[in-house]
Amino acid sequence: MKPALQVEDLRHTYLAGTPFEAVSLQGVNMEVAEGEIVSIIGPTGSGKSTLIQHFNALIRPQAGRVFVLGQDLGDTNLDVKWLRRHVGMIFQSPEQQLFEQYVGDDIAFGPRNFGLDRQEIRRRVQKAMHAVGLDFEGFKDRLTFTLSGGEMRKVAMAGVLALEPRILVLDEPTCGLDPATSSNLLSKILEIRDNDGTTIVLVSHDMESVVRLSDRIYVIVDGQTVLEGTPREVFPEAELLRSHGLEAPQVTQVMCGLRNRGVEVPVDLLSVCEAEEEICRCFGFADTQEQ
Amino acid sequence: MITIEHLHHTYDLDRPRPVPALRDVSVHIDKGEYVVIIGRNGSGKSTLAKHLNALLLPTQGDVWIEGMNTKDLQHLATLRHTVGMVFQVPDNQLVATVVEEDIAFGPENMGVPRGEIEERVDAALDSVDMIPYRRRPPHMLSAGQKQRVAIAGVMAMRPSCLVLDEATAMLDPRGRRDVLDTVLRLHHQGVTIVAITHFMCEAVEGHRVIVMDEGTIAMDGTPREVFDQPTRLRQLGLGVPPVTELAQRLHRRQPSLHSPLLTVQELVEELCDLPIPEGLRT
Numbered sequence: 000m001k002p003a004l005q006v007e008d009l010r011h012t013y014l015a016g017t018p019f020e021a022v023s024l025q026g027v028n029m030e031v032a033e034g035e036i037v038s039i040i041g042p043t044g045s046g047k048s049t050l051i052q053h054f055n056a057l058i059r060p061q062a063g064r065v066f067v068l069g070q071d072l073g074d075t076n077l078d079v080k081w082l083r084r085h086v087g088m089i090f091q092s093p094e095q096q097l098f099e100q101y102v103g104d105d106i107a108f109g110p111r112n113f114g115l116d117r118q119e120i121r122r123r124v125q126k127a128m129h130a131v132g133l134d135f136e137g138f139k140d141r142l143t144f145t146l147s148g149g150e151m152r153k154v155a156m157a158g159v160l161a162l163e164p165r166i167l168v169l170d171e172p173t174c175g176l177d178p179a180t181s182s183n184l185l186s187k188i189l190e191i192r193d194n195d196g197t198t199i200v201l202v203s204h205d206m207e208s209v210v211r212l213s214d215r216i217y218v219i220v221d222g223q224t225v226l227e228g229t230p231r232e233v234f235p236e237a238e239l240l241r242s243h244g245l246e247a248p249q250v251t252q253v254m255c256g257l258r259n260r261g262v263e264v265p266v267d268l269l270s271v272c273e274a275e276e277e278i279c280r281c282f283g284f285a286d287t288q289e290q
Numbered sequence: 000m001i002t003i004e005h006l007h008h009t010y011d012l013d014r015p016r017p018v019p020a021l022r023d024v025s026v027h028i029d030k031g032e033y034v035v036i037i038g039r040n041g042s043g044k045s046t047l048a049k050h051l052n053a054l055l056l057p058t059q060g061d062v063w064i065e066g067m068n069t070k071d072l073q074h075l076a077t078l079r080h081t082v083g084m085v086f087q088v089p090d091n092q093l094v095a096t097v098v099e100e101d102i103a104f105g106p107e108n109m110g111v112p113r114g115e116i117e118e119r120v121d122a123a124l125d126s127v128d129m130i131p132y133r134r135r136p137p138h139m140l141s142a143g144q145k146q147r148v149a150i151a152g153v154m155a156m157r158p159s160c161l162v163l164d165e166a167t168a169m170l171d172p173r174g175r176r177d178v179l180d181t182v183l184r185l186h187h188q189g190v191t192i193v194a195i196t197h198f199m200c201e202a203v204e205g206h207r208v209i210v211m212d213e214g215t216i217a218m219d220g221t222p223r224e225v226f227d228q229p230t231r232l233r234q235l236g237l238g239v240p241p242v243t244e245l246a247q248r249l250h251r252r253q254p255s256l257h258s259p260l261l262t263v264q265e266l267v268e269e270l271c272d273l274p275i276p277e278g279l280r281t
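Residue numbers (numbering that gives the first Met the number 0), protein chains in the order written: chain A, 0 to 290; chain B, 0 to 281.
Hints listed in this document are in silico derivations from the structure and should not be mistaken for laboratory results. Since we're looking at a predicted model, the values are computed, not measured. Incorrect hints may have been included.
A few chain B residues that face chain A, going by a derived Cβ cut-off under 7 Å, partial list only [said to hold, decoys possible]: (1) V26; (2) G41; (3) D171; (4) G236; (5) L237; (6) V242; (7) S255; (8) H257; (9) C271; (10) L279; (11) R280.
Just so it is clear, CB atoms sit at the ideal spot from N, CA and C, and this is done for glycine as well.
The whole structure should be built from the sequences, with the hints applied where relevant.
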């Protein structure tokens, strides 16, 4: 499959040549295929935000190259408007970006700006609201400031989805949401990929979300990729993750804990169900599950 | 320490559509307790927290802090030093350009004598393990470090109770662990802790978990009692930590395993105590 996103030896230094010079990225390489969900994890200050800000040209490459949907972002003739229409960015706490009085207007703002006709705008708003699980008739005329935090976040996401981006970049989408709301939002993100083939890049500190969504993971530390692979490849590296201030999902930690105590169990397990089956098999617990 | 009696709080009381946030909440928190409050978005957790140092006043009912009624304005200053608050975003809470000056800000305002301020700043920095950073500008610190400075700033006022409103939400796993360890240490020094969180695995660190729903207290018990009711928690928009769910499922198939288990460590220990089949041992 051809890559939607390609990063080659990307480097970035803030305030270069001043006493406040700070190296943020020092040679990042990554590749995301179309329709893939890739997570970027790393401790605070590792350069994750700097990296994703390149994807819609909020930051231009200083050294190294970034290709998005075949376009070279180092190209001075880059059509930034085209790029931003195809790369949707949802930053942390996007509910703070709502500014229209009515939900429907807020979601329609992007498509209106791109000069689409009324009917197309309505179709897109409807579709975007459906994608995040907001009822069109029930919510389009609601006042934005009367919504709950979770609802506001969905409106903000719908506003980006209404542009029908081919790549969606999400920075901490579930931060501050309760478990039920965040679980619901994660299912919606999976559906967006499954229904529209949208490529998704996720940045998160919440390993339980990362494990649920990701096809692959990049671990970025001090502006460099230290580990890359599927969740099953990355999370059993408990020691390495811990040394960088990260941690594996609890289930993987249990399996690694057993292994460390000399019990020969597989460690590349991610979900509660898998771990249940595997532990029962290894320890010879009752075979049939009684409900 | 904290007694709340029939507390009601309604936002926009004088507007056409008043929003009831707390309905008839009564709860007592003893000195030295470590209480974690969980609940879905909009359940009233933060509203409750803001009543603990009179950032909000009751629409109806009373809140007593060490015998002081929060409605009694003559106690306001004392009340604010008695209950310290730490919020989600530390940047909103840091005021000075050097860490130690930021921490001195509270006691300075209280009129604490110079010599004692220095003493308090040292003790506060030590309690959050940030002494090496005392002369650094706060904005150059990591998010977790900033949050610890914010806690130190509050601790320099020598509060007997610390309220944390999602203080770990924005942090990476290490930053979160550092803040939680700091909170545990303060708790061991006798500080009463009230912490609000959406992370179920943080809720297990407290001694008591209060679950809020629609402005009322839906559950109140030890973490073991509360997390032993996964179905009820799910109805309330919450859940149990993955390791607890795993332990519950294993318990169904091997009743000799205890349940609920709250941490990875506990489950690993329990499993290792079982007879381990030949061939599994390395």
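Structure-based check of all given hints:
A distance limit of 7 Å between C-beta atoms decides the matter here; for V26(B) the minimum to chain A is near 20 Å, and the interface restraint is violated. Annotation: interface hint on G41(B) holds; nearest CB of chain A at approximately 5 Å, less than 7 Å. Nearest Cβ of chain A to the Cβ of D171(B): about 5 Å, under the 7 Å cut. The hint holds. Given the 7 Å rule on beta carbons, the hint for G236(B) holds: about 4 Å separates it from the nearest Cβ of chain A.
Hint status for L237(B): holds, given a least beta-carbon distance of 5 Å to chain A, under 7 Å. At its closest, the beta carbon of V242(B) sits 4 Å from a beta carbon of chain A; the interface hint therefore holds under the 7 Å criterion. Annotation: S255(B) was flagged as interfacial toward chain A, and the flag is violated, the nearest CB pair being 10 Å apart, outside 7 Å. With a cut of 7 Å, the hint placing H257(B) at the interface with chain A is violated, because the nearest CB-to-CB distance is about 14 Å.
Contact between C271(B) and chain A, as hinted, is supported at the beta carbon level, the nearest pair being about 5 Å apart and thus within 7 Å. Because the smallest distance between the Cβ of L279(B) and any Cβ of chain A comes to about 5 Å, under 7 Å, the interface hint for this residue holds. Hint status for R280(B) relative to chain A: holds, with the closest Cβ pair at about 6 Å, below 7 Å.
When the structure is compared with the earlier hints, violations turn up for hints 1, 7 and 8 and for no others.
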